[in-house]
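Asker: Those protein sequence lines, which keep their order, are chains A and B. Per full-length UniProt numbering: the first sequence = residues 1 to 246. Per full-length UniProt numbering: the second sequence = residues 1 to 266.
What the hints contain is simulated information worked out from the structure, not anything from laboratory work. Treat the hints with care, as some may be off.
[As the list claims (entries may be wrong)] Computed cross-link-like contacts, DSS-like style, restricted to lysine-lysine with a CA-CA straight-line distance of at most 27 Å:
| # | chain 1 | residue 1 | chain 2 | residue 2 |
| --- | --- | --- | --- | --- |
| 1 | A | 131 | A | 84 |
| 2 | A | 131 | B | 265 |
| 3 | B | 119 | B | 105 |
| 4 | A | 192 | A | 84 |
| 5 | A | 115 | A | 27 |
| 6 | B | 93 | A | 192 |
| 7 | A | 84 | B | 105 |
| 8 | B | 265 | A | 192 |
| 9 | A | 27 | A | 118 |
| 10 | A | 131 | A | 7 |
| 11 | B | 119 | B | 79 |
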Amino acid sequence: MRLAVKKALVTGGRQGIGRGIVEAFLKEGATVATCGRGPQPDGLPEGVSWYSVDVADAAQVNELAQSLGAIDILVNNAGVQVEKTVVDSTDADWDLVIGANCRGVFNMCRAFIPKMTKGASIINIGSISGKVSDPSMALYNASKSFVHGLTRSIAVDHGPDIRCNAICPGWIETGMLEAGFELSNDPAAARKDALARHATGRFGQPADIAAMAVWLASDEAGFATGQLFTIDGGMTAASPINTGLF
Amino acid sequence: MTRILEGKTALVTGGRGGIGRAIVSRFLREGATVYAADLTPQGSLAAHDDDGSVFIKLDVTQEGDAIAAMDQVLADQGKLDILVNAAGIEIEKTIEDTTLEEWNKSFAVNCTGTFLTSKYALPLMRASAQSGNSASIINFGSYDGFIADPGLAAYCATKGAVHALTRAMACDHGPEGIRVNAICPGYIDTPMLQSFFNGDGSGGGGGDIESLQQAVRDVHPMRTYGTPDDIANLVNWLASDEARYASGQLWVLDGGLSAQVQQMKI
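Please put together the full structure from these sequences, using the hints given.
Answerer: Pasting the structure below:
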């Protein structure tokens, strides 16, 4: 078990990628806590502690750090997306996206870094959208670039005691992806088109991201820091011009 | 209006081809003395207009040709301020379909050509830098050196190699006053692109060439592909003294194509 005796905190473990990481960490022997807005969700695996915390709220985050104490692994996974251009985005959209995706990661790192053990690992969930842009996702794309920049800063400032890396997922099969296809005029055609742009011939699963998170959290990754690791089934390795689909 | 390349001497390989010809013509308008080096006076285009450049017959894969070309420039001008390595070829195949001969030819033109021309240009460019000029080498990479188009394996690989060579040359020759950059074009309207639209590599999905061209335009944030003049505009700036602090960089010019993620048809 690669994470035996390690204590981990994963933000946003209610569902999707966060839940996948919580489950993978448990399997590798870690003690796992997770948090999110609202009450403990049904079906959270046994032994996982739930904290009702909004990462955008510094006071709540500081309180969480007080009660949890020293940790070995911090995964900043909690995030939201708003599907709008800059012109359509409201102040409330800004507060929501930047609050969770930027301020949330900042709040967590500021509160937990002083409490992290030597050899600890921070894993931020960035996105391929922080490197190349998804249309009509302006604030989300920008918020993920912020996460990438902060990842490098933390690695530089807090090494050698703490390592910090980001995972940049592509299209992962979560409720969010299904909802996107359902909005399409022809969900089956949309799914087929999107699949054709993946060299692996499939979308990602939360477990694909969790597998990288386990490695980055483990001591095997002792020389990995300050990097952005893309896991997208080869999608961003290919040009957006895919003439076979025209 | 001041001409920003007044008094400079430039050599452009592939200088009678699609992008090369636009660069030559821009350099001439900016006051440079220009040598257009190519396999033939027509290059990859059908005809040659007498543009005022000096034609040098150059096969970039031949060391003797590179030496002879630089000897001629040295005898005429005594120095070289600007070298543009624009000669290139594209084989539209996967690695499985690419013959060893095609693979070697891709590297010979796109990589070895850049190496040989630059190698023998360096003494002339050093002479330029020593007399206080800003000597500039501009290589041709490609956005395909960062992300891949299907069925262009050898081409993508050669362009990735040119990117790394560009940084290495900038590192080695910067202290001598020679700047080295690469332009990384996306889809530019050249004979090479037309061949891609006509060729097996274009996929096509059964449509005609015009619908394929329109589909390619539509994927670009700028809703068009580029022209050789778009590339010449940046080459001109990199060649000029205004760019005196620009070195070792890969300059992507693709209408925003590679700034976006795959455009799913949702």
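Asker: Each hint needs a verdict: does it hold in this structure or not?
Answerer: Each hint, compared with the structure:
1. 131/A - 84/A: 18 Å, holds
2. 131/A - 265/B: Within the cut-off at roughly 20 Å; holds.
3. 119/B - 105/B: Holds, at about 19 Å.
4. 192/A - 84/A: 24 Å, holds
5. 115/A - 27/A: Given pair residue 115/A, residue 27/A holds - Cα atoms ~24 Å apart, limit 27 Å.
6. 93/B - 192/A: 25 Å, holds
7. 84/A - 105/B: This hinted pair is violated, its Cα atoms lying about 48 Å apart.
8. 265/B - 192/A: 9 Å, holds
9. 27/A - 118/A: 23 Å, holds
10. 131/A - 7/A: 31 Å, violated
11. 119/B - 79/B: 14 Å, holds
Checked against the numbered hints listed earlier, the structure breaks hints 7 and 10; every other hint is satisfied.
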